[in-house]
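Student: Take a look at the letters that make up each chain.
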Amino acid sequence: MFDVMIIGAGVSGSAVARELSRYKVNACVLEKEEDVCCGTSKANSAIVHAGYDAAEGSLMAKLNVQGNLMMEQLSKDLDFAFKKNGSLVICRAEEDMPNLQALYERGLKNGVKELKILNTAEVKEMEPNITDEVVAALYAPTAGIVCPFNLNIALAENANTNGVEFKFNTEVLDIKKIDGGWKIVTNQGDYETRYVVNAAGVYADKFHNMVSDEKITITPRRGDYCLLDKNAGGHVAKTIFALPGKFGKGILVAPTVHGNLIVGPTAIDIDEKEGTNTTAEGLNEVISKAEQNVKDLPMRSVITSFAGLRAHESHHEFIIGEVEGAKGFIDCAGIESPGLTSSPAIGVMVAGILKEKMGLEEDPTFNGIRKGILDPDTLTKEERDALIKENPAYGNIICRCEMVTEGEILDAIKRPLGARSLDGVKRRTRAGMGRCQSGFCSPRTMEILARECNMSMEEITKSGGDSKIVVGTNKDSI
Amino acid sequence: MEKRELICIGCPMGCPLTVEMNGTEVASVTGNTCPRGDAYAKKEVTNPTRIVTSTVMVEGGSVDMVSVKTKEDIPKGKIFECVKALKGIKVKAPIHIGDVIVSNVAETGVDIIATKNA
Amino acid sequence: MKTYDIVIIGGGPAGLAAAVSARKSGIESILIVERDKELGGILNQCIHNGFGLHTFKEELTGPEYAARFIEQVKELDIEYKLNTMVMDISHEKVVTIMNRTDGMVEIQAKAVILAMGCRERSRGALNIPGYRPAGIFSAGTAQRLVNMEGYLPGRKVVILGSGDIGLIMARRMTFEGAKVQVVAELMPFSGGLKRNIVQCLDDYDIPLKLSHTVVDIRGKQRVEGVTIAEVDNHGKPIPGTEEDYDCDTLLLSCGLIPENELSNGMGVDMNRVTSGPNVNESLETSIDGVFACGNVLHVHDLVDFVSEEATTAGKNAAKYVKDGEGRAEGGRDIVLNPIEGVRYTVPGTINVDRMDDNLTVRFRVGGVYKNVYVSAYFDDERVIHKKRPVVAPGEMEDIKLTKAKLQEYPDLKTITIKIEEA
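Chain order of the listed sequences is F, X and A. Number 478 marks the last residue of the first sequence (the working numbering); no jumps. Number 118 marks the last residue of the second sequence (the working numbering); no jumps. Number 422 marks the last residue of the third sequence (the working numbering); no jumps.
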């Protein structure tokens, strides 16, 4: 019997796992996909919010501000990309000024530091590409941007290194109360555990509702995004939000930690929990609204578009805690924006609940430091030369757009919870994430995966399951 | 007199050709800008032919596959037979451009030759 | 730091022809840097025939065409490095290269020839809505998998875009046992060569649907189907015209983009229409001694023209190295002005003092025009008036200028090139 089983290896589940791994505990994460970071955590704005959005006094507000404060140190401990670039909420109409003021005040009450309202001239000086219609803006220097993949991957890797087991391709089908805990029925067999953490993203309602009569509803709220080439990455330096008001919710424009520009999202409530398809209407909305706050956006430089699903709970609040009438079943549900920002704090909170309930002892062998995949671009020419002499794989460029070497891809495959698919390699190294979108590198990455994982080329997938890249060999059917 | 409109595939210009037919005989070809077009049109309406290109596996070479072609054009009706004849063929390096890979492919009297060194 | 007279970035058709030409123009110290494991570039995967009619007066396959130039490079003993990536080129022409055995190496070049070729426009750049499953390939990636590695990317195929690689792959996939159901083209005309429509689609009864595009991709893991719809004059899908196709593969052949990241890095002036560098009559970019040729300069339809252009670039780079500081400076620049149907010209300016006796100006048109004239005006005077039965965006056009003729116009400022109705 496990002490704790966590359903979902997204950023919440992985954060809980990592915090839990500080203690002497027999924990396991169940993930229906082939890798960590496959749902909501992989397709979002990649923003570390300052914390002025969420309602005063809400759990969301509290964890947002806490998560924001934790992120910088965590990025150093776990070696993932994070940048405190600051954000601006753009007000374009005098009549919306009270809304901006209200946001400012809510931020103060939520404990957000250094907030400031800027006038037109100050905004234009800070960001010359902001629309000429700007009246004022709320400036939050504490807002940041993060690599959502590597935040999630780093948390999971570190949890794994500290003893938490991860079972992939394992879909939870049913949860049954048993003496002293729960039986988890999966497509890979049954497991027993004393405690369950429900960190299942858009599926959190399904599992909650298996154990509780107090039903919750998680609605997948789809957001369509466009990602622009690095030649557009400097168009704005800060994250640019629209002020909710006269013009509706609006679209954000932000640099990414890797130098691209992200534009989005839409907000469309859907029924299908796997409905990550973009639509023409959604993409058109992104493109047409993007220019409201930022002028001269080079939309010609779009390199990809995608959609993510937020796990929207009807009351727009995080649901974290033991479910009433279901002892040992801990919800971690409704984790929508600012969920990514809050994730470090969510991990601490849930691990704290479990520690108290289970009386967990600290594990003295816990090592909270994780080294990420070496990015040779961060080295000097001399250091890089020395690295290649030591390991020639670092001299072999596989992804030409992002300049990813074979050395990095090998590291991504061989490290704990290593990549097993093209997308797995992509999220860890960026190979295939550039302007040609894997046109050049996918056959080469496939060869490396096949060689290292002892698979045939026909077994290599884009993202596990039936997502095979090639279907056979030449003339095999004639 | 029957007329047939063709696009010449002799070169990238893609000249629009008009062939006038007298029964099964070609009476005239117009629209071509070179003799190649005339020859193509006459063949295309009587016995259309194509060069066929493909690849076969190569062992012990610098590459995994070596490209091949029919040394001359073969009747259109024989294309798939020709392709089928290449199924499962594996050659051993070294291979030089022009080496015969399959002789008299699909009974066309035409050889399949390598188009790459390996 | 090791120095070379000429460093050529890319060992594809452009780089090879430029190297051969520079050597024949008397330059000993030449280095070709190629990122792949063999010379020849994209020609290695273009196993179909149809290359070389202009250059060699016979019809060759891509690998055979490449081999002709590779043999010359070897015979002329031109140095080249394979599996080597150019990481950076500085404005001062310091080329930083990297490979497994040499590590990071800096090389000082007197002249640089940019010959990096192009890449394919991806699904993302096309903003095609739908899921993002496996089974969506650019035509060139599929071509590499089939022709170089022997793997079949799919069995039931829909192709978007009628560029030449897409057309060629329709036939190629058919030969390998796949069923190609349809080729959809957004524009009312094909972007590929007419001969390829005949011998790659018509021969195998593969329908070509002009003014159609993909409006949805289905399948969460692997492509399960796509929806195609007709588009209006603005390229917008017309509701009610949707047709569903069951398929496991979508190939994209929707245009090529010159790979100019290195050029941008060194600060070369770029042309918004071609996405390649702006060049003068010598195919020299805005940076002295940096030349460009082939698909990195502008996307070509025929490799024969790439070789011709690269030969010019190689010769001019050699001249630049030999003339050194003594190069004729100054003189007047005539500006080429493409208008009315002509999208761009290469080159964009001509210095009469520096130009060769003969100069080919290449360009593409923006639409399909029938029975028209290609005209060149020397300022206000129409000097060239060439009848063309049909011109189309998929096929490159050219006009020839001579030094002798231009010298007759000492005050000439602008040469305007346009399409005129008959």
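One thing to keep in mind: the hints can contain errors.
Keeping only pairs whose Cα atoms sit at most 30 Å apart, straight-line, the calculated DSSO-like set for lysine-lysine is [as the list claims (entries may be wrong)]:
#1 A:K194 x F:K475
#2 F:K389 x A:K37
#3 X:K78 x A:K209
#4 X:K78 x A:K57
#5 F:K468 x A:K194
#6 A:K37 x A:K93
#7 A:K194 x X:K78
#8 X:K78 x F:K206
#9 F:K468 x A:K413
#10 F:K273 x A:K37
#11 F:K273 x A:K220
#12 X:K3 x A:K194
#13 X:K3 x F:K475
#14 F:K468 x X:K90
#15 A:K220 x F:K381
#16 X:K76 x A:K179
#17 A:K74 x X:K92
#18 X:K78 x X:K90
#19 A:K156 x F:K475
#20 X:K84 x A:K179
#21 X:K90 x A:K179
#22 X:K92 x A:K37
#23 F:K381 x A:K57
#24 X:K42 x A:K93
#25 A:K220 x F:K206
#26 A:K81 x F:K381
#27 F:K389 x A:K110
#28 X:K76 x A:K209
#29 F:K414 x A:K194
To be clear, the hints were calculated from the coordinates, so they are not data collected in a lab.
Student: If a hint holds in the structure, say so; if it doesn't, say that too.
Tutor: Hint by hint, here is what the structure shows:
no.	hint	verdict
1	A:K194 x F:K475	28 Å, holds
2	F:K389 x A:K37	20 Å, holds
3	X:K78 x A:K209	28 Å, holds
4	X:K78 x A:K57	27 Å, holds
5	F:K468 x A:K194	34 Å, violated
6	A:K37 x A:K93	25 Å, holds
7	A:K194 x X:K78	23 Å, holds
8	X:K78 x F:K206	59 Å, violated
9	F:K468 x A:K413	59 Å, violated
10	F:K273 x A:K37	45 Å, violated
11	F:K273 x A:K220	12 Å, holds
12	X:K3 x A:K194	20 Å, holds
13	X:K3 x F:K475	38 Å, violated
14	F:K468 x X:K90	26 Å, holds
15	A:K220 x F:K381	43 Å, violated
16	X:K76 x A:K179	18 Å, holds
17	A:K74 x X:K92	24 Å, holds
18	X:K78 x X:K90	22 Å, holds
19	A:K156 x F:K475	14 Å, holds
20	X:K84 x A:K179	15 Å, holds
21	X:K90 x A:K179	25 Å, holds
22	X:K92 x A:K37	20 Å, holds
23	F:K381 x A:K57	48 Å, violated
24	X:K42 x A:K93	56 Å, violated
25	A:K220 x F:K206	21 Å, holds
26	A:K81 x F:K381	20 Å, holds
27	F:K389 x A:K110	28 Å, holds
28	X:K76 x A:K209	24 Å, holds
29	F:K414 x A:K194	49 Å, violated
Comparing the model with each earlier hint shows violations of hints 5, 8, 9, 10, 13, 15, 23, 24 and 29; every other hint is respected.
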